[in-house]
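Residues per chain, in single letters:
There are 2 protein chains.
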Amino acid sequence: MRIACERLVTRDEVLDHALIDLDGDGRVIAVESDRPGARADHVLALAIPGLANTHSHAFHRLLRGRTHAGGGDFWRWRDTMYRVAGSLDPDRMRAVATAVYSEMVAAGYTAVGEFHYLHHRPGGLPYPDHAMEIALAEAAAEAGIRLTLLDAAYLRAGFGKAPEGAQLRFSDGTAERWLERWHRLRGALASSHPEVTLGAALHSVRAVAPEDLGLAVGGLPADAPLHVHLSEQPAENADCVAATGMTPTVLLDLTGALSARTTVVHATHLTDADIARLGAARVSVSMCPTTEADLGDGLGHAAELHEAGARLTIGSDQNVVIDPFDEVRRLEGGARLASGRRGVLPLGTLWDAATTAGHTSLRPGARTGIEVGEQLDLVALAPRSARLAGVRPHELLGAAAADDAVASIVRGRYQDSSALRTRAWDAFEEASHGE
Amino acid sequence: MRIACERLVTRDEVLDHALIDLDGDGRVIAVESDRPGARADHVLALAIPGLANTHSHAFHRLLRGRTHAGGGDFWRWRDTMYRVAGSLDPDRMRAVATAVYSEMVAAGYTAVGEFHYLHHRPGGLPYPDHAMEIALAEAAAEAGIRLTLLDAAYLRAGFGKAPEGAQLRFSDGTAERWLERWHRLRGALASSHPEVTLGAALHSVRAVAPEDLGLAVGGLPADAPLHVHLSEQPAENADCVAATGMTPTVLLDLTGALSARTTVVHATHLTDADIARLGAARVSVSMCPTTEADLGDGLGHAAELHEAGARLTIGSDQNVVIDPFDEVRRLEGGARLASGRRGVLPLGTLWDAATTAGHTSLRPGARTGIEVGEQLDLVALAPRSARLAGVRPHELLGAAAADDAVASIVRGRYQDSSALRTRAWDAFEEASHGE
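Residue numbers (my numbering), protein chains in the order written: chain L, 1 to 435; chain R, 1001 to 1435.
Fair warning: there could be bad hints in the mix.
[Stated by the list, open to error] Across the chosen pairs, the derived CB separations fall in these ranges:
1. G70/L / D1272/R: 26 to 32 Å
2. R1121/R / D16/L: 37 to 43 Å
3. G1165/R / P393/L: 49 to 55 Å
4. G70/L / G1187/R: 49 to 55 Å
5. E1006/R / R78/L: 34 to 40 Å
6. R1039/R / G70/L: 40 to 46 Å
7. K161/L / P1393/R: 34 to 40 Å
[Unchecked claim] For the chain L half of the interface with chain R, some residues (derived, Cβ under 7 Å), not all of them:
8. H68
9. F159
10. G296
11. G333
12. R341
13. R342
14. G390
15. R392
16. P393
17. A424
18. W425
[To be verified] Derived list of chain R stretches under chain L, where covered just means 3 residues or more per stretch with a C-beta under 8 Å from a C-beta of chain L:
19. 1242-1252
20. 1393-1401
Bear in mind the hints are in silico, worked out from the structure with no lab data behind them. Each residue gets a CB set at the ideal place from its N, CA and C atoms; glycine is no exception.
For reference, chain L alone in the conformation it holds in the complex:
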């Protein structure tokens, strides 16, 4: 297959009349520029690399546009979310994830990290054959997105509290049993869905006891991506300090959870010492600005974390908004609101967040440029979007919107955004059926 891009904008370059040849497996054979008028299977007027979504809870999509009247705080929202979590089976999970992942690809995300904790039947009895996890893998295949399944250890309700209610579906009981299931899942995916990257997650310091953090980390392969919710709300910091005498960051660091393969999610309420520690560990940070505004979490510390050496990435988290460009604009905008300065994060850092750093958070060592030998990911943008008129090529990342994405190529597979949006609608209808 041959793809022509009248203009291809990457982090550092603007290539005009680029021509990309792919083999039958979607791998790049050759990239040339300055080849105007060449014949191609698809001609993209304006293209950028595929964008990475490092934090998603697919099923939270069912809450979009349904929680405003409830008011309250994060914890009241969580009660509503738990009611939805309690109602899902593998079929509905597959349907809602297909809807969400299709909306993501339509918007320009070509890879997603699914932070997954809804493992078991109501009450906690396991499904046979990893039914929930396979449902997510099937949804990703249907939508055509690269999936990193971040299977989460969720073992308790909070410091010294056993899981209850919907949380019984999340828990494997002990760190050892979670690890056992994780390794079995790895085997199952390797045979049925080799395209899925299996990663791991520690839900949070609330949900995994200090002694289990070390156990869990030690039982994972060294190359598995490891994600963890960190300091999203002040209350979880206070509980952690009260129970352990440490901030969540310090606790995670001392149990070996912080390293270059780690992505901490949110990292909203940190001390200066936390920021220095996260930077020194070279972690990635998944900032989820649309969710953090929706849940009233706070503006976070993007500029300081970047300065300290952490790698910023973006996530759509609860999927109330699925728009990578909005996340980027809010990532920079939040840093501006927090500092009263403009252009806080260099443009290259915003590109890294949406592309390289994001993909690396999901697949350590990923080669994510338009590189010979790699399966191609690209996003095609509308050539004459009124929104982008006059915008400088490298600033489009903070000026575009989801609807400017008109087509995507993931692993060499071309899909129209409009067809993906129709599929998202249909799958959502299926997920809501009988609700």
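Given chain L, work out where chain R should sit, using these hints.
Showing chain R alone in chain L's frame:
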């Protein structure tokens, strides 16, 4: 003309199978509901009332996607904006305003308040025949948006400082001469563009001296809308207190500028006493969240102002983003980030902000429902937008995006959003020509 809405969602109602009859002037003759299958000139699957944009500087659109690398603060951004302001003539002003207003109507805004200070030639010599103001009126007519032209008094660079550079184009020299021009402009618009509402603006306490504030307010008709920038940046508060011993809010109040016909813009950095005073005066507040993030202004005081009795509205201001739904989502989101609570502003208040309160800020006494005798404004949304699947009718205002608007009716005139976006592109090209 007859408009059918399969579903019409207003602040308080959800009408199914609504039928709206219009006379030749676009005025509503009758509204009925439960009339499925009736013949109509336009069938809208999902419609909402027209949305109001209470604060726009059309020409700032030329800076979209061009200032990130500059960094700095608000004041450095202003230098860049002044360079653009220095380069415009009436033809380019008409072209860029046509682009911006077309993008607005495409996105669901049916009325705009243009806060206009670029009056004169470079150096300050007047154009003949109100050329800049007529250019804006023509642009609004071309785009089909309701225009309230807020002609601004801008008389000095700051406390005790004469205007300089681009500001020479803004200034009429004295409050008397500004008033004189304002009244002449009123006559000129009444004959050439009777569809335009002429309002007035005091640029800010920086740009109008205390003695001139009272003069200006006193010389205006009591029914003219009056807008003023208020406390966008801490530095202007400090300067005002240093020069007058008063906060900008107190100064405006003591000079008679605060009343129910007044809209204060931004109101980001206020004291508790300021908030109480603004509430007691029953002012409207134009919150411009996408701009306030872009310029690093701050999160503001939406919840407190609402609580105190002020009426919230939304504005696109510098037009880096033109998306009323995004402004609404960020209005509520900013209140959540500031408070750590959810559902801070009642849904009805968000609807008021985007509709009734906004329209009233632009046309005091406006009847802005779907009302017999009034010219009809409506926005048609995509019937099967994946983004809106599952969203409750009254929550769509905070869940939709500009691209969900597929058509608009303003004063009874129907326009497709896609045609408007093409017009926006073409007009922007014209505005950038030779740049």
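Each hint tested on the structure:
no. : hint                         : result
1   : G70/L / D1272/R: 26 to 32 Å  : holds, 29 Å
2   : R1121/R / D16/L: 37 to 43 Å  : holds, 39 Å
3   : G1165/R / P393/L: 49 to 55 Å : violated, 30 Å
4   : G70/L / G1187/R: 49 to 55 Å  : holds, 53 Å
5   : E1006/R / R78/L: 34 to 40 Å  : holds, 36 Å
6   : R1039/R / G70/L: 40 to 46 Å  : holds, 42 Å
7   : K161/L / P1393/R: 34 to 40 Å : holds, 39 Å
8   : H68                          : holds, 5 Å
9   : F159                         : violated, 21 Å
10  : G296                         : holds, 4 Å
11  : G333                         : holds, 3 Å
12  : R341                         : holds, 6 Å
13  : R342                         : holds, 6 Å
14  : G390                         : holds, 6 Å
15  : R392                         : holds, 5 Å
16  : P393                         : violated, 9 Å
17  : A424                         : holds, 4 Å
18  : W425                         : holds, 5 Å
19  : 1242-1252                    : violated (count 0)
20  : 1393-1401                    : holds (count 5)
Hints 3, 9, 16, 19 from the list above are not met by this structure, while the remaining hints are.
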